[in-house]
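Visitor: Residues per chain are reported as follows:
Protein chains: 2
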Amino acid sequence: MQSIKIAILGCGTVGGGVAKILLERADELRSKAGVAIKLAKILELFPARAAKHHDLPLSLFCGTGKDLTIPESQKFLQDIFGDPTIDLVVETIGGSGPEILSIALGALQNKKHLVTANKALLARHGAAIFGTAVREQHAVGFEASVCGAIPIIKAINECLTADDLHSISAIMNGTSNYILSKMEAEAKPFEEALTEAQKRGYAEADPSLDVGGGDAGHKLLILLKLLFGLDLAVEELPVRGIKEINEDDLAFAKEMDCSIKLICYAKKMDGQVSATVQPMMVKRTNLLSKINGVTNAVRLIGRYAGEHLFCGAGAGSLETGSAIVSDIVFIARYGVKAVRDFAARDCRFKSFNELAFPYNISFETEDIPGITGIVATAIGKQHINIDTVGHNRHSSHKAIFSIATMPCTHAQIQEAIEDIQRHHPSCLASYPKIIPILE
Amino acid sequence: MQSIKIAILGCGTVGGGVAKILLERADELRSKAGVAIKLAKILELFPARAAKHHDLPLSLFCGTGKDLTIPESQKFLQDIFGDPTIDLVVETIGGSGPEILSIALGALQNKKHLVTANKALLARHGAAIFGTAVREQHAVGFEASVCGAIPIIKAINECLTADDLHSISAIMNGTSNYILSKMEAEAKPFEEALTEAQKRGYAEADPSLDVGGGDAGHKLLILLKLLFGLDLAVEELPVRGIKEINEDDLAFAKEMDCSIKLICYAKKMDGQVSATVQPMMVKRTNLLSKINGVTNAVRLIGRYAGEHLFCGAGAGSLETGSAIVSDIVFIARYGVKAVRDFAARDCRFKSFNELAFPYNISFETEDIPGITGIVATAIGKQHINIDTVGHNRHSSHKAIFSIATMPCTHAQIQEAIEDIQRHHPSCLASYPKIIPILE
Numbered sequence: 004m005q006s007i008k009i010a011i012l013g014c015g016t017v018g019g020g021v022a023k024i025l026l027e028r029a030d031e032l033r034s035k036a037g038v039a040i041k042l043a044k045i046l047e048l049f050p051a052r053a054a055k056h057h058d059l060p061l062s063l064f065c066g067t068g069k070d071l072t073i074p075e076s077q078k079f080l081q082d083i084f085g086d087p088t089i090d091l092v093v094e095t096i097g098g099s100g101p102e103i104l105s106i107a108l109g110a111l112q113n114k115k116h117l118v119t120a121n122k123a124l125l126a127r128h129g130a131a132i133f134g135t136a137v138r139e140q141h142a143v144g145f146e147a148s149v150c151g152a153i154p155i156i157k158a159i160n161e162c163l164t165a166d167d168l169h170s171i172s173a174i175m176n177g178t179s180n181y182i183l184s185k186m187e188a189e190a191k192p193f194e195e196a197l198t199e200a201q202k203r204g205y206a207e208a209d210p211s212l213d214v215g216g217g218d219a220g221h222k223l224l225i226l227l228k229l230l231f232g233l234d235l236a237v238e239e240l241p242v243r244g245i246k247e248i249n250e251d252d253l254a255f256a257k258e259m260d261c262s263i264k265l266i267c268y269a270k271k272m273d274g275q276v277s278a279t280v281q282p283m284m285v286k287r288t289n290l291l292s293k294i295n296g297v298t299n300a301v302r303l304i305g306r307y308a309g310e311h312l313f314c315g316a317g318a319g320s321l322e323t324g325s326a327i328v329s330d331i332v333f334i335a336r337y338g339v340k341a342v343r344d345f346a347a348r349d350c351r352f353k354s355f356n357e358l359a360f361p362y363n364i365s366f367e368t369e370d371i372p373g374i375t376g377i378v379a380t381a382i383g384k385q386h387i388n389i390d391t392v393g394h395n396r397h398s399s400h401k402a403i404f405s406i407a408t409m410p411c412t413h414a415q416i417q418e419a420i421e422d423i424q425r426h427h428p429s430c431l432a433s434y435p436k437i438i439p440i441l442e
Numbered sequence: 004m005q006s007i008k009i010a011i012l013g014c015g016t017v018g019g020g021v022a023k024i025l026l027e028r029a030d031e032l033r034s035k036a037g038v039a040i041k042l043a044k045i046l047e048l049f050p051a052r053a054a055k056h057h058d059l060p061l062s063l064f065c066g067t068g069k070d071l072t073i074p075e076s077q078k079f080l081q082d083i084f085g086d087p088t089i090d091l092v093v094e095t096i097g098g099s100g101p102e103i104l105s106i107a108l109g110a111l112q113n114k115k116h117l118v119t120a121n122k123a124l125l126a127r128h129g130a131a132i133f134g135t136a137v138r139e140q141h142a143v144g145f146e147a148s149v150c151g152a153i154p155i156i157k158a159i160n161e162c163l164t165a166d167d168l169h170s171i172s173a174i175m176n177g178t179s180n181y182i183l184s185k186m187e188a189e190a191k192p193f194e195e196a197l198t199e200a201q202k203r204g205y206a207e208a209d210p211s212l213d214v215g216g217g218d219a220g221h222k223l224l225i226l227l228k229l230l231f232g233l234d235l236a237v238e239e240l241p242v243r244g245i246k247e248i249n250e251d252d253l254a255f256a257k258e259m260d261c262s263i264k265l266i267c268y269a270k271k272m273d274g275q276v277s278a279t280v281q282p283m284m285v286k287r288t289n290l291l292s293k294i295n296g297v298t299n300a301v302r303l304i305g306r307y308a309g310e311h312l313f314c315g316a317g318a319g320s321l322e323t324g325s326a327i328v329s330d331i332v333f334i335a336r337y338g339v340k341a342v343r344d345f346a347a348r349d350c351r352f353k354s355f356n357e358l359a360f361p362y363n364i365s366f367e368t369e370d371i372p373g374i375t376g377i378v379a380t381a382i383g384k385q386h387i388n389i390d391t392v393g394h395n396r397h398s399s400h401k402a403i404f405s406i407a408t409m410p411c412t413h414a415q416i417q418e419a420i421e422d423i424q425r426h427h428p429s430c431l432a433s434y435p436k437i438i439p440i441l442e
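From first to last, the protein sequence lines are chains A and B. Here this note's numbering = 1-based position in the first sequence + 3. Here this note's numbering = 1-based position in the second sequence + 3.
Possibly wrong hints are sitting among the right ones.
Since the list gives no way to pick out one identical chain from another, each pair is judged satisfied if it fits inside one copy or across any two copies.
[Said to hold, decoys possible] DSS-like mimics (lysine-lysine), calculated; alpha carbons at most 25 Å apart, straight line: (1) Lys353 x Lys41; (2) Lys78 x Lys55; (3) Lys114 x Lys340; (4) Lys44 x Lys286; (5) Lys436 x Lys8; (6) Lys384 x Lys436; (7) Lys55 x Lys270; (8) Lys185 x Lys69; (9) Lys340 x Lys8; (10) Lys23 x Lys271; (11) Lys69 x Lys246; (12) Lys401 x Lys41; (13) Lys271 x Lys384; (14) Lys270 x Lys44; (15) Lys271 x Lys191.
I should point out that these hints are in silico values taken from the structure, not numbers from a laboratory. Only a predicted model underlies this, so the values are computations on that prediction, with no experimental measurement involved.
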């Protein structure tokens, strides 16, 4: 193969970035891949708009330059699939519905390598897509699907291959991290920080996938498959977003010398993997606590090499585009050797709540003497060691204080709370908030 | 090829780590490489000691278990080179003299892939080694030569291939970073921090290669070749170590909200590359300032994806061993495709001192009124903008204060100092210390 020909499906933010880099860096990419990389076709419903927006030649687009109808675009898609000179298809349409799955599988079944940034698709249909890739002996590049420009997929698959990576903690949603950073640095409430993120283009009009933790969950599911061979359904991963985080939580975090981050966490122990996405109080001695704004970061811990940290841009047209183009270079260089079998390995999923973890529990109680004793006694009865009892904030007849525990399970904490509710029914003004502490 | 057979030359700290991982992880490594990876032979002058120290079977070692003479070891080396079943040689002997170069070249010429952690050898003889590898079509793996376990070589060669990486700043000597961290956190003088590093095994009995910047320089030279195609002789790279850093510098750094780090720096602009290794004051907003102890970190900046940061263990038996084994896996998987030509590219080396950079200049002067005015005026005459004038410390008839500049060249600062010396001969008690500020 003296050259590799590329078709891009969908020329929005990411697809446009891919096209731009392929055109601008053609010489350098050829020298890195060992073969010429040629952008042959772009399929896009609104070619004129995309060409203008990304400053691309209209001649690269399927059709005459006019907007395409759905039947027209389907015909062009079949042309691309039927064109034996096209070696690799970039899917930058997005979505995880049956049409997109069928496009991804169709590319592979038509003997084209597939490169995609589509985390939702891989989280839901990874087994089908990787299975098809192995059967068809064509590669799937998906570096861009997790943490944009950070080369975390290749770090795991190609670089840290000698180690036994047993734990991951990561900031993989830039929108949430931007909002939490703003809330902490400028003492803004959640809604205000969200509005600012939307104004800057860091959050969608409907931000629920970002701030609800779903997007981060998709990314963690992909990494769980690579790291541990774990095939988990989206619904099986416990996910909690950042909407519930308020200024009291941030104040407790500060008192504990922590920052609050939306953490994707997983740990393998004795053949069992626990995983979760949820806000955690991250100790300031942990570099993840220093990652602010839309930046993403992944911390991996291995048996031999200890801690690794990877930080970089989690999103953006050229940022994500550069990850896709790096996949193209890799596949162009290594061809069929780039096909990987991510077969399920022998490991069991265990609820995160069964892990012993340090927690911060914040209590809203009656503001009367003796309450701290009641709470601390109930916690002690569950054999939970207390690390710190925070300052008591007194607000409108309520006391608010937090207790940081030594490692214990979520279930132990729930037992303690039930014990308080049972024996002192009027003590707790609301159900305590339980946030893991990441050291 | 159903299996790949390995010989390890030199079973010290790193070689022993490699052997241990190859034996412990044989099954996992086979699944990642796609072929079995078999440790066939270890050549070591003191086999019994090494076997005991690393808990390895003595049967793997060349000879009968007794210490080898040099002629014996040379014979065993020729046996390994002449053995057509050995596919890959790991060189973990160290040194950069003609014997080691001849071993490295000999492995390739005898049609064996070469994996090495030897930064000094590659910094001095990279062109010869990589040239031989291309001619013989056998690969050189050298992940372990730069920053131990951090996969920075593959990050550049295999991962960030779409981007135009134009700048690097990195902490690549753990010993120096440990010493500087101790000096800053515990207000220890250099000598005391060095002694502690030696006690903990972080510094050699002769620490000059570490604290003098030479070791970091070797690593930067390797990265300059990968990033910019620049073949620079060891003597051409301006290198300054950390010995001159004292408590005044740390106090000035603190005042400027900086930490002092030994920084490997390079930047490409208009086809010219500037590079240096020297202590810099790193702003606390830059994550490199947060990297403490023996940890290493590399910050790369690219045209498309912006900033990347990679942190991890820079040294250690299993840490460095894991990087070597990851190279073995990579070469076992990709074979001859892993051969890379690092041919020189068209770029010129430009002195770091010609770069416009913000600097901190600390002055030791007579303690009389008017001095700040004299110094500030001389700086202004060279068209250097002043960012901050630090507090004046008064000690035994001398005043010590620092001035932080906006970006200017080292030559401009030298001009200003000469101007002061010319017109106010008794003003400066010593030649001012000039430290770049990294933002």
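Visitor: All hints, please: hold or fail.
Guide: For each hint, the structure was consulted:
no. : hint            : verdict
1   : Lys353 x Lys41  : neither (46 Å within a copy, 35 Å between copies)
2   : Lys78 x Lys55   : within (24 Å within a copy, 69 Å between copies)
3   : Lys114 x Lys340 : both (15 Å within a copy, 22 Å between copies)
4   : Lys44 x Lys286  : neither (49 Å within a copy, 46 Å between copies)
5   : Lys436 x Lys8   : neither (54 Å within a copy, 56 Å between copies)
6   : Lys384 x Lys436 : within (19 Å within a copy, 61 Å between copies)
7   : Lys55 x Lys270  : neither (46 Å within a copy, 33 Å between copies)
8   : Lys185 x Lys69  : neither (43 Å within a copy, 66 Å between copies)
9   : Lys340 x Lys8   : both (18 Å within a copy, 20 Å between copies)
10  : Lys23 x Lys271  : between (41 Å within a copy, 22 Å between copies)
11  : Lys69 x Lys246  : neither (43 Å within a copy, 68 Å between copies)
12  : Lys401 x Lys41  : neither (67 Å within a copy, 67 Å between copies)
13  : Lys271 x Lys384 : neither (29 Å within a copy, 63 Å between copies)
14  : Lys270 x Lys44  : neither (43 Å within a copy, 36 Å between copies)
15  : Lys271 x Lys191 : neither (37 Å within a copy, 40 Å between copies)
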